[in-house]
Structure formats: C-alpha cells, structure tokens
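Student: Sequence:
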Amino acid sequence: MNILTASRPHAVHPAITPAAPPAQTSSVFQDAWLPRPAPRAVPAGDTFDAVRVTQQHGELVLQHLQRFPALPIGAVLADQDQWWFFVPAHFDNTPWPRPVRYLTTGSFITVPPPEHTRAIGCSLGWIQHGAPGREFTSPLFLRPVLDHMTF
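Sequential numbering from 1 applies to the sequence shown in the UniProt record's numbering.
Heads up, some of the hints might be wrong.
Here are the simulated distance ranges between beta carbons [claimed, not checked]:
hint	residue 1	residue 2	range
1	37	95	32 to 40 Å
2	67	38	14 to 22 Å
3	46	132	16 to 24 Å
4	98	45	17 to 25 Å
5	69	37	30 to 38 Å
6	97	132	24 to 32 Å
Since the hints were made in silico from the structure, they are not lab data.
Fair warning: this is a prediction, and the values are worked out from it, not measured in the lab.
Ideal placement from N, C-alpha and C gives every residue a C-beta, glycine not left out.
I would like the entire structure built from these sequences, with the hints used as guidance.
Tutor: Structure representation (structure tokens):
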C-alpha cells in the first residue's frame, strides 16, 4: 500500500493538538523517527499494526479518547483523508467494524520524517507522536469507540 499522494492543504481539527517528536523514542519507531529527507515504507505486523479510518472518524475517535487522560493514545498518522492509529501487533484476531481497515503482516505504512506534521500543512504527516512508553493506542479502548460509530 502506498499512501504517498499529491499534497493538498488540510485543516487539523482545532481540538487536536499535534505533539512534537518525542525526545526519546522507543525501538518500535526509532528508525521511523530518525532524521531523513523523505517518507519511507515501514512493514506492519512485527512490532506494530495500524488501524486505518477516515479523517472524519479519526478526529472523532481521537477527541473521544483524549477525554480520558489515563488512556494510552499512541502515534497517529494522516495522509489526505485517511488516519492511522498505531496499535501493538497481532490484534487482528476478530473482525474490526467496516469500513475500518486493520493493517498487519504484509502491509506497509509510509511514515514521514518526525517533523512532518499536519499542523505545518504536510499532506502526509503526524497528528501526534506517541510519548515514550505510549507509542500505541490500546486496541482494547480503540475498538469499542469504533464499534459504536456510525459509518
């Protein structure tokens, strides 16, 4: 899967505050967050999987999860009108609601350099980086929110 597309301006929802790249990174995203000039494809299924939703649903999910500060909300990536929530690998044993797409082994996620954020107008950019020790959004919290959405 290639999520690199032509740039076009996008608005970030005002309630969503993009985070700066973390000072320390986990080994999961260390390679993805190393300074480099261009995005690169990273394979899912080993240390992480990703849950893809539309931008509209991604904004709603993130706003809902942010209401509960104790919940682990990890890295969230956006490209055009699609958002990816990074989750620990191997949570694909039950079907996710349609039209959510669960990406695991055999899928590649194109990740931008850490400084590429939607806040600065990048089409492919980070909505937020996971804080050290919180690189992933818990599927145990993400799944119920998605199950109750109207798609």
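Student: Output the indices of the hints that this structure fails to meet, ascending.
Tutor: 2
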